[in-house]
Structure formats: structure tokens, C-alpha cells
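S.K.: For reference, the chains in residue letters:
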Amino acid sequence: MIYALDVFGTFVFALSGAFRAIKHELDLLGVLVLAVATGVGGGMIRDLLLGTTPPMVFRNESYLAICVAGGLLVFLAAGRLAPLWDWVMVADAVGLGAFAAIGAQKGAAGGLGGFGIVMMAAMTATGGGVVRDILVMEIPAVLRTDFYASAAILGGVCFVAVRAAGAPEQVQLFTCLTVTLVLRLLAMRFGLSLPRIKGLAPRPGEGDAEDGKG
Amino acid sequence: MIYALDVFGTFVFALSGAFRAIKHELDLLGVLVLAVATGVGGGMIRDLLLGTTPPMVFRNESYLAICVAGGLLVFLAAGRLAPLWDWVMVADAVGLGAFAAIGAQKGAAGGLGGFGIVMMAAMTATGGGVVRDILVMEIPAVLRTDFYASAAILGGVCFVAVRAAGAPEQVQLFTCLTVTLVLRLLAMRFGLSLPRIKGLAPRPGEGDAEDGKG
Amino acid sequence: MIYALDVFGTFVFALSGAFRAIKHELDLLGVLVLAVATGVGGGMIRDLLLGTTPPMVFRNESYLAICVAGGLLVFLAAGRLAPLWDWVMVADAVGLGAFAAIGAQKGAAGGLGGFGIVMMAAMTATGGGVVRDILVMEIPAVLRTDFYASAAILGGVCFVAVRAAGAPEQVQLFTCLTVTLVLRLLAMRFGLSLPRIKGLAPRPGEGDAEDGKG
Chain F
1 MIYALDVFGT FVFALSGAFR AIKHELDLLG VLVLAVATGV GGGMIRDLLL
51 GTTPPMVFRN ESYLAICVAG GLLVFLAAGR LAPLWDWVMV ADAVGLGAFA
101 AIGAQKGAAG GLGGFGIVMM AAMTATGGGV VRDILVMEIP AVLRTDFYAS
151 AAILGGVCFV AVRAAGAPEQ VQLFTCLTVT LVLRLLAMRF GLSLPRIKGL
201 APRPGEGDAE DGKG
Chain D
1 MIYALDVFGT FVFALSGAFR AIKHELDLLG VLVLAVATGV GGGMIRDLLL
51 GTTPPMVFRN ESYLAICVAG GLLVFLAAGR LAPLWDWVMV ADAVGLGAFA
101 AIGAQKGAAG GLGGFGIVMM AAMTATGGGV VRDILVMEIP AVLRTDFYAS
151 AAILGGVCFV AVRAAGAPEQ VQLFTCLTVT LVLRLLAMRF GLSLPRIKGL
201 APRPGEGDAE DGKG
Chain A
1 MIYALDVFGT FVFALSGAFR AIKHELDLLG VLVLAVATGV GGGMIRDLLL
51 GTTPPMVFRN ESYLAICVAG GLLVFLAAGR LAPLWDWVMV ADAVGLGAFA
101 AIGAQKGAAG GLGGFGIVMM AAMTATGGGV VRDILVMEIP AVLRTDFYAS
151 AAILGGVCFV AVRAAGAPEQ VQLFTCLTVT LVLRLLAMRF GLSLPRIKGL
201 APRPGEGDAE DGKG
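Protein chains in written order, with the UniProt record's numbering: chain F, 1 to 214; chain D, 1 to 214; chain A, 1 to 214.
There's no promise every hint is true.
Covered stretches of chain A, going by a simulated chain F footprint (3 or more residues, C-beta under 8 Å) [unchecked claim]: (1) 41 to 50; (2) 110 to 120; (3) 135 to 143; (4) 149 to 156; (5) 179 to 189.
It should be emphasised that the hints constitute simulated quantities derived from the structure, not laboratory data.
Remember, it's a predicted structure, so these values are computed and weren't measured experimentally.
Glycine included, every Cβ here is placed at the ideal spot set by N, Cα and C.
Here chain F stands alone, though its shape is the one from the complex (with noise of 0.2 Å):
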């Protein structure tokens, strides 16, 4: 089951990056390599972080074929999955979920205490998305679009507290998925947002301790 997920959330995510290289107007390469690293490249990180080399996704390289089948269909029918996209945004919430409750679930295996089982869960669900947007120079997603990573983030919560509960294994994934995967779609809905502080750089040109000249 968490399989499956894991499979549809990779190649959802090889969808997103293959649109954006379309939307640059990279050549076939760079559909299939932008395809890859968004759909991959969560699991990587988290696979490095934790010490699992090679990486999972060079075990079992349906993952990899996954992605590029993905990135092929982009590339040959972008314009009719176009009018499909908000089935494509619904079906990456879907994969946010199964990411974010994959990632919690190997930093607990790993042994990482309650924040760490948070990162993980948040990296694995937007390192991907993190990757694709420094490839094609936009500030990440994750850092602007409403409620995306902070969905994985309470979802993780959620994972490390009804694991302290002593609730099994799968009831924690369960919790993990659903509880991102509903934040989503609620956030898609209603525009959930978090607070931001506006017009606050003091002195201009002083914003960060490494560059005092700006």
C-alpha cells in the first residue's frame, strides 16, 4: 500500500518537474533530468542523511524509470495533460502525503529523535521540489506557496506523536499521510497562509551578518 503511494507520489512529482522544464523551455534533457531530480531527489537527501548509500532509488531503479516515463509524457502531451491540472495539483497532495509519511517512518527506523523525524518528513516530501526550483534559479516553492511544506511538517508532528502514543507502525504512516494530504487540500481550498512580517529589513543593504555591504 505505502508502496503504491510511494510509486504514484514519484511519478507525480516527475510530472511537476517536467512541467516546469517545459515552462523554461529546457531541451529533452532537461524535461527528463528536472523529471528525475523532483521526483528522486527528496528520497536522496533523506537516504544521504541517514547514511543509506547508495540511495534507495539506486536499488530499486523502477523508481528512476518511473521518472522518466513521466518526464517522456509531459514532453510528448503537455498540451492535453494541461486541462487536467487541477486533478495533477490534487494528485500531488496525494504524493506530499506519501512522502512525508515515508520520510518519518525511515527517521524513526534511522533512530532520530522527534525533530529529526520531522525533517525527514519534510525533506523527503519537498527536497525534490527544493532541487527542481535551484535548477532553474526560482526561489523555492516551498519557502513562498502556502501551506505546502507546513502540511508535511504537521503531518510529521502528528507521526511523532501517536508514535509516543505506542500506536503501531501503520496507524503512525496512516496518520502521517492523512494529516498532510487533508492540511493540502484544505490549504488549496481555502488559501490557508501563515503570518508574515512585512517591510521590516532594518537598514538596508544590513539584512544578514555575512554581508554588511549588501
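Following the hints, complete the assembly by docking chains D and A onto the known chain F.
M.R.: Below, chains D and A without anything else, positioned relative to chain F:
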């Protein structure tokens, strides 16, 4: 002692990341992400390269808690912290020295040679800032700011020198920290900088070997 | 032989990184950082993914010394090197082939499957350039430049093919290097390129699954 400085440096670097997020008007999550990435990013990269997985920051979660606290502090009180900016810059120099010393020590403990030890000093001290800058799409300050990474590199060189001379470990650490800190403070006070070559990009659009078409 | 090509490729890639730093008018440190990052970045990423820590470049420090030498050479004599640019481009193609062959070999030695071997070839050959481009905030040339990573990927595919056919290791290496080099030289000479899709970003501002608000 060095542990206390490590905690102090993590906190100050987290402040620096959080201020950068405020400058870019990111939401609360973005502030926390940049605080964590800046505070622990350098150590994480160092531990990955040395094969210490999961990285130390996941084994002692107080580092993550410190970063979150620093991020929240900036989020809630950015306006009141701004007048203290000059002090934050001095604190940042202390953090730079502490991180360089710890990085050099871990590199030496990992069996690296002189070049590797110096790189570990520089990466530990500046890696978090590089991650922070890449996430908000600025050219890393470390590549532009006068005598920031240079201070850590020279601190690492002195670490290697006194180590080769047979000094005990605490002297190695103290030398690296002091040299880095003093150089950074002198650079802030007197505007030291390294030479650069201007106006020499030889043929427009052919400035690199991989992009013959610019 | 392959070791000599590896050293040669490292040096040429370091030149490419240093020239990019000059183009951005970075200081001496920036030139050296980009020289090192470009020269050894690809191999470092490969070693991290394969679990070889510390990466090979820290075990044999001559690679770092070569990068520093290349960076200094460009810093001191950028103007005189510029007329040799066409030769640097050819040398870069040799480095691309050597790095692809070494990456494929290490991937195979690490027990990876076909997809993984091809990815290791491509990442080793192009990873340094990607790091270089991200550090100076350009969209990685590898995503834009005609037939650069593609050459390494096809070289990797040929490596996997002759390996599956039972060819000895030296033939595998030679095949990968030659295919990559010849394809890259042909692409430089005749302007080969891959197809791309234009003007299809379907709904403005909705080009990806994670950023519904653009």
C-alpha cells in the same frame, strides 16, 4: 568551552538566516527553514563528507531547537533586534571562528590531510550561509564579501601549522578560533579585501567551457 | 592512463570554473572556490551517493592542489589564456569523457544497475559544472547547452551495453570515454541539439504542481 561556542555560533547563524528570510518577506515557515539551514547547514555538509551519518545535528537535537528559537525570536522581534545589528556582526565573527575550529578538528579526527582540514574548516564555517543564500537565490555572500571565508581558511591553515608543529589539540582549536575571529574583526574594522580581476571576461558569451553559446 | 585523464579533466574543469569567476568579477578566493568546486564537485557528489566517505578527493589531495593551481593560473594570466579558448573547449570535451568513464566504472563497482551507472557517468561529468553555475546563480549550463550532458549519458549507455556484452573493463572505459568525447566534439562542430517544446506553459502562473499562485 568549544561546545558552548558551538551552541553560540549556531544561534547567531540562525539569527542571520532568519533576518535574511524577513528581508525576502517569507512566511513563518520560511523564517524557520532559513534559520535551521543557516545554523546547521555547514555542520551537516561536513558530517556528510566525513561519513558521519546521521549528522551530529540529528543526534543532539538541541541544535535544531536552538535554531528554531532563534528563528522565532527574529520573527517576533525583528524590529527591536535591528539596532543591535553591530553586535550581531561581532557575534557572527565569534561563530565563524568556533565553526572553523570545530570543522578543522573533525577533519583532522577523520584522517584528512592539510588541504582537507582547511576545506572542512571553511565549509563548516560558511556552508550554512551558502545554503541560505542559494535558497533565496542570491550569489553566496561568501564569494563576494571581503574576508569572510578567507578568515576561516587562514584559521584552518594555522590549525594545520600548529598541529604539524606538535601542539596539543586545545592549542590547535584555540589558534584556529582566534586567528579566524581576529582576521574577521580586522576585516570588518579596516575593510580588508582580496584582489580581483576586472573587465577580463575575454569574449562575451564564451566565459566558460560548457556554454559556448552563452 | 585513466588516472592521467582524470587529473587532466580536473585541471581543465578547474580552468572553466575559474574563468566563470573572473566573468563575475569575484575576488581571488572566489576564483579558487569555483575552480575547486568545478574540478572536484562531480566526483564528490558521486562518492557521497556511493557511500565512499570521505570522498576520494580528500584521500588524494593532489586533486585539490591541481584545482588551486588551475585557479591561480587563470587569476594571474586570464588575458593570455583567452586566445586559447577553442583549445580549452576541446580539452573540456576530453575531461567530460574521462569523468563519464570513471563515474560509470565506480557506479558499476558499487553494484548499481544500468540506470544508476548512466546517472553516475552523467553526474560525475557534469556535477562540478552544475555546482559552479548554481554558486553564481546561473541556470546550469547542462540544462541549456546543446549536447553536453547528453554526450555523457550516451557514453554511459554504451558503457552499460558493452559491459552487458561481457567486454573487459578497459574496453568499457575506453568505449564510454570515446563515445562521449566524439559526440561532444561533433556537437561543438555541427551544433547538434535535442528537441524542445516551446510556448506550451499551459496556464500562466500554474506551470507546476507546488506553486499554484505563481
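S.K.: Quick check: the region 135 to 143 of chain A, covered by chain F? Criterion 3+ residues, Cβ under 8 Å.
M.R.: Since three or more residues must qualify, the claim that chain F covers the region 135 to 143 of chain A holds, with 6 doing so at under 8 Å.
S.K.: Counting residues of the region 179 to 189 of chain A with a beta carbon closer than 8 Å to any beta carbon of chain F, are there 3 or more?
M.R.: violated (count 0)
S.K.: Can you take a look at whether the region 110 to 120 of chain A is actually covered by chain F? Rule is 3+ residues, C-beta closer than 8 Å.
M.R.: With 8 residues in contact (Cβ-Cβ under 8 Å with chain F), the coverage given for the region 110 to 120 of chain A holds.
S.K.: Are there at least three residues in the region 149 to 156 of chain A whose beta carbon sits under 8 Å from a beta carbon of chain F?
M.R.: The restraint on the region 149 to 156 of chain A holds, since 3 of its residues have a Cβ under 8 Å from chain F and three suffice.
S.K.: Taking a Cβ-to-Cβ distance below 8 Å as contact, does the region 41 to 50 of chain A have at least three residues touching chain F?
M.R.: That given contact holds, which follows from 3 residues of the region 41 to 50 of chain A lying within Cβ reach (below 8 Å) of chain F.
Figure legend: structure checked against the earlier numbered hints; the only hint not met is number 5.
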